[in-house]
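Below, each chain spelled out in residue letters.
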Amino acid sequence: MIYDALIAPFIEFEFMRRALAAVVALSLGAAPIGVFLMLRRMSLVGDAMAHAILPGAAVGFLLSGLNLFAMTAGGLIAGFAVALLAGLVARTTDLKEDASLATFYLASLALGVTIVSVKGTNIDLLHVLFGNILAMDDQTLLVVAFNATLTLIVLAVIYRPLVIESVDPLFLRTVSRAGALAHLTFLALVVVNLVNGFQALGTLLAVGLMILPAGTARFWSRELTGMISIAVASAIISGYAGLVLSFQTRIPSGPAIILVSAGLYVVSILFGNVRGVVRQLFPAPHLEA
Amino acid sequence: MQAWRGLLVALAVSLGVSPAHAQTRLNVVASFSILGDFVKNVGGDRVAVTTLVGPDGDVHVYTPTPADVRKIADAKLLVINGFGLEGWLPRLLQAAGNRASIVTVTSGITPLKAGSDADPHAWQSVANAGKYVANIRDALIAADPPDADFFRQNAQAYLAKLDALDGEVRQALSRIPEGHRRVISTHDAFGYFVARYGIQFIAPVGVSTEAEPSARDIAKIIAQVKAERIPAVFLERIGDPRLMQRISAETGARIGGTLYSDALTGEKGDAPTYIDMVRHNITTLTSALAN
Chain A
11 MIYDALIAPF IEFEFMRRAL AAVVALSLGA APIGVFLMLR RMSLVGDAMA HAILPGAAVG
71 FLLSGLNLFA MTAGGLIAGF AVALLAGLVA RTTDLKEDAS LATFYLASLA LGVTIVSVKG
131 TNIDLLHVLF GNILAMDDQT LLVVAFNATL TLIVLAVIYR PLVIESVDPL FLRTVSRAGA
191 LAHLTFLALV VVNLVNGFQA LGTLLAVGLM ILPAGTARFW SRELTGMISI AVASAIISGY
251 AGLVLSFQTR IPSGPAIILV SAGLYVVSIL FGNVRGVVRQ LFPAPHLEA
Chain B
12 MQAWRGLLVA LAVSLGVSPA HAQTRLNVVA SFSILGDFVK NVGGDRVAVT TLVGPDGDVH
72 VYTPTPADVR KIADAKLLVI NGFGLEGWLP RLLQAAGNRA SIVTVTSGIT PLKAGSDADP
132 HAWQSVANAG KYVANIRDAL IAADPPDADF FRQNAQAYLA KLDALDGEVR QALSRIPEGH
192 RRVISTHDAF GYFVARYGIQ FIAPVGVSTE AEPSARDIAK IIAQVKAERI PAVFLERIGD
252 PRLMQRISAE TGARIGGTLY SDALTGEKGD APTYIDMVRH NITTLTSALA N
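Protein chains in written order, with the working numbering: chain A, 11 to 299; chain B, 12 to 302.
Errors might be hidden in some of the hints.
Said to hold, decoys possible - Label pairs and their computed distance ranges (CB to CB): (1) SER185/B <-> GLN149/A: 37 to 47 angstroms; (2) VAL277/A <-> ALA234/B: 49 to 59 angstroms; (3) ILE12/A <-> GLY263/B: 29 to 39 angstroms.
Stated by the list, open to error - Partial pick of chain B residues on the chain A-facing surface, computed with a CB cut under 7 angstroms: (4) ARG207; (5) GLY209; (6) GLU223; (7) ILE229; (8) LEU254; (9) ARG257; (10) GLU261.
Claimed, not checked - From chain A, some residues computed to sit far from chain B (all C-beta separations above 10 angstroms): (11) ALA15; (12) LEU94; (13) ALA117; (14) SER231; (15) ALA243; (16) ARG260.
In short, the hints are calculated from the structure, not lab data. Ideal Cβ positions, reconstructed from N, Cα and C, are used throughout, including at glycine.
Just chain A, with the same shape it has in the complex:
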């Protein structure tokens, strides 16, 4: 019975195994990034980025038609441009990162819509460009796995300056010049993860598995390593449970995974260790020596 519900789908169907592998890889890369985004108060960057990549994808489409590779490459370039420009403006002027990103992504979106309309067709590029977790071919799986690997390695390299930069940028600026580099590298990482995530899995999943697990983790740990581990674990659990849910109930897979993730988040708000609602109402008694 339990075997039928939880394990049989993955044994019987290869597409379920592939979906699970993809969601695990995505969790490993995206969840840690989400934690840093949350710390830097940039949690909405994912949604902004989904629109910012449009002009690049549109140029790719103009040059080579409905070619996924060209469109993804264009999207990456546009995403980089927007993220880097927004990052530079935020670092060199008084405008904060969120505002500066918002301005660039809106301009970018308008440019994208214009380019598509010049071509004279009404194909919904974002619709074409965004994939589905149930349709993992070898190439897409490799891209997702490569992403996760790259993300973890680069995060390991820039971890120290990035942490300090996220917590106390002024201090870092006085002792080192690595802050700007770490920041821009991090933004590049965000773009790579999002664009490839969109292409492989769809917008909802790529952004959702980045942000929601990070929010969940905030209620269970005060320190960064703990937060990252919990975020990854909660993303993987959501992915697995969401796939099972989608298999048993006919809810589309992307929304199912995100709904499970949101459920974990709500539970964490209520019962979380760190300033969860219940904990605040009924504080644990102090231990006495």
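Following the hints, complete the assembly by docking chain B onto the known chain A.
This is chain B only, laid out in the frame that chain A set:
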């Protein structure tokens, strides 16, 4: 001053408002490319046809533009499919302050049901296409009575071609063994085709291209393809091709070519006209299902 006058004349000509022009050609707007093709065949050079959703466009998820509002404002006759296909149209008509008369080409056709709604893709049966053409003919005659005979002749010639096409489709399909006439396609736009020609289409997604499949939907299809030994899987023009490839990889069913359902292609594509589209589809189907 002289230059200004020249410019104004040029502008007037380019907008098509010169009186001689307006008298000879009837402005007709069709909601999407297949209807535009029908209107061209009946109206010949007496009508100027524009389509709102052009070749390769997806009429289900279409967003109208200001240029469309202007096309409608200039039109004498508006040709639409009906059966809920052009969900975006009512608001557009209001915005355009529409004065054109509207012909719904599916009038007189009994809709098939897709869930609780009518399945709009009636043109996939060539017999229905004949009714479309007859409706368009009558509407053109009503809008432009002096050219009635011209329209009648064109329609008659075109209807004869459609008749022949209908026979062609039946004949081609009759060569496929009966148990073999089953395929899977990404989008069930072929309900009327199925009903008329007796070939079974099984679709992974609902009637609209917007629906996203669940894991259970995909699993059911895979199980069904395996159990019933369905020979071919078809990618449709619009939709995620990787989903079909996955199903094919998991079942061993052959991936057929592209079937066109909702839109014609550009001039250089496989299906620039309705007749080309049906021929292309039937060749693709028979070659995937043969042997």
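A quick look at each hint next to the structure:
1. SER185/B <-> GLN149/A: 37 to 47 angstroms: With Cβ atoms ~40 angstroms apart, the hint holds.
2. VAL277/A <-> ALA234/B: 49 to 59 angstroms: The hinted range 49 to 59 angstroms is violated for VAL277/A and ALA234/B, with Cβ atoms some 34 angstroms apart.
3. ILE12/A <-> GLY263/B: 29 to 39 angstroms: For ILE12/A and GLY263/B the Cβ distance comes to about 31 angstroms; the hint holds.
4. ARG207: 29 angstroms, violated
5. GLY209: 29 angstroms, violated
6. GLU223: GLU223/B check passes; min Cβ-Cβ to chain A is 4 angstroms, inside 7 angstroms.
7. ILE229: This hint holds: ILE229/B lies near chain A, its Cβ roughly 5 angstroms from the closest one there, short of 7 angstroms.
8. LEU254: Given a least distance of 4 angstroms, the restraint on LEU254/B holds.
9. ARG257: Where the cut-off is 7 angstroms and the nearest Cβ of chain A is about 5 angstroms from ARG257/B, the hint holds.
10. GLU261: Holds - the Cβ of GLU261/B comes within 7 angstroms of chain A, reaching about 5 angstroms at its closest.
11. ALA15: 12 angstroms, holds
12. LEU94: Nearest chain B Cβ is 31 angstroms from LEU94/A, so the label holds.
13. ALA117: 20 angstroms, holds
14. SER231: 32 angstroms, holds
15. ALA243: 22 angstroms, holds
16. ARG260: 5 angstroms, violated
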